Amino acid sequence: MTDSAAIEFRRLVKDYGGVRALDGIDLRVEQGEIFGFLGPNGAGKTTAIRCLLDLIRPTSGQALVLGLDSRADSVAARARIGYLPGDLSLYDTLTGEETIAYFASLRPKPLDHTYLDMLITRLTFEPQRPVGALSKGNRQKLGLILAMMNQPEVLVLDEPTAGLDPLAQAVVEELLGDVAGEGRTVFFSSHILSEVDQICHRVGIIRAGKIVAVEELAMLKGRALHVIEVTFARPVPPGAFDLPGVQELRRDGSVIHLEVRSNLDAVLKAIARYEVVDLRTEQPSLEQTFLAFYQESPAARQEASPAVP
Amino acid sequence: MVVALYPSYAGQLEDFELPETLQKLFGMEDYTSPEGFVSTEFFSQSVPILLTIFAIMQGTSALAGEEAGGTLELLLSQPVSRRRVALEKIGGFLISTVVISIIVCPAWLISIPAVGVDISVTDTMLATFSFLPLVWAFYAASLFAAAALPNRRLATGVVVLFAVATYIVYALAQAVDILDPLRWLTPFNYYNGSQILRDGPDLAGAAALCVASAVLGLLAVQAFEKRDLGVRGEVSLRALLHLRPATETSG
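Line order of the protein sequences matches chains W and X. To convert, count from 1 in the first sequence and add 1; that's my numbering. To convert, count from 1 in the second sequence and add 26; that's my numbering.
Hint data in this document are derived by calculation from the structure and do not stem from the laboratory. This structure is a prediction, so every number in the text was calculated from the model and none was measured. Errors might be hidden in some of the hints.
Unchecked claim - With a Cα cut of at most 30 Å, we get these calculated DSSO-like pairs of lysine-lysine:
{"id": "1", "chain 1": "X", "residue 1": "Lys-252", "chain 2": "W", "residue 2": "Lys-270"}
{"id": "2", "chain 1": "W", "residue 1": "Lys-137", "chain 2": "W", "residue 2": "Lys-110"}
{"id": "3", "chain 1": "X", "residue 1": "Lys-252", "chain 2": "W", "residue 2": "Lys-110"}
Just need the whole structure built from these sequences, with the hints factored in.
Next up, the structure:
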């Protein structure tokens, strides 16, 4: 079973009442990967994750953890997952320490206290305080400790950095990097791409219950587009930059904004034909790259339906 | 306190004469003897009602309460089966009710003789334990309703309605003959509170309640195993109207 995927969704469908929340998801996450599950709120990220943990049941299709079916081998599958819910609720009257002891008692594997202490120290968590008195960020830290403390083979984290300050976010990224370094798998969801581009190996994008893309992050970064702002001495004729992979975004007299997906060389040569006063280029965030590749821009939509007023 | 009231009542009670129908309605057929007085005051009126409320509160909060509060999410994500979680909740409740009864016993044993009412120790203890099957039945019914229905408030409403309706049927059936055929439907029929100290517990009735509790308990476990776990604070009406959950956190 060593070559089975860490996580696999097979044609996973989930209906809530009359609404299709997941529309036949197929996804395979390999062992040792850090996989970012991205999508806007309401796209189905949490629904897919909750199917994996057998908290909700698929309408059809399958969710597997290390080859174990989430329904048929539910307890065995969960023994190998550490889970952080997106909406974390803990017992307010227990202290952090008591909460840790309680959840540790539910696991078959005895707790490695050295590892636990390392987590507590690195996240600067205070385990003696009652959970009810903790801030949102500190609760989130406790949730992360609970998910990670058993050193599970598969970590499933729903919005792990929500509510954390940037310092703690950086620590979490380091910790997740270490987990993957040990050959364990991290699967986490986020609606913020910039949050994942530091640590993910691959990302999957889900929108309206469908996986729209699965990409190596390196590939995606390679595809990064440029936005070039050129100020010319005189206005240039329209259509001067009508090149494939290039889009003229805006034109204010002699200032032109270009979005360049490819053909950078041709663009620069086209620019050089005119007198340039100023040139600025920025590499947009991965976020903008994504939007450019996977979302129809309003302009594209207008082009597609010119008859509609 | 009510026990202490008996001696002062006793004089008046000798010529206490409610119309027969009303006596039956309130389960007060035997109000003027010591056994009848204690039976009526406690075992037929206050305590079963209080305990029924307690059982319904416990039954609807055990699993459904944790579900609505969101803590069940992390608990059920651990490698424990839903069956185990449900059975342990039930076991915990059974033990706590027995412990409560044992704790309450000395209070009866002291207060009843203290006011000069002569009721034997065994009878008092039996009477105390005779509540249990009734409590268990309502607990199991609440647990089942909470597991089978989309949300806790609806479940509480349904069970409370059932309790009130069956209590009224039970009370009226003692006075009104046409309701008599319906008596077997009410849980209170299997618990003879108002005659408990005089006649001893209704063992057949207790057994029937235990069977009903076990069946409802198993149905509850089954319904809980099948259930899609709700997210915290999920708006119930939306679930009923087949709308998308309103508070899905991020996906």
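- Message: Are any of the numbered hints broken by this structure? If so, which, sorted upward?
- Response: As far as the earlier hints go, only 1 is violated by this structure.
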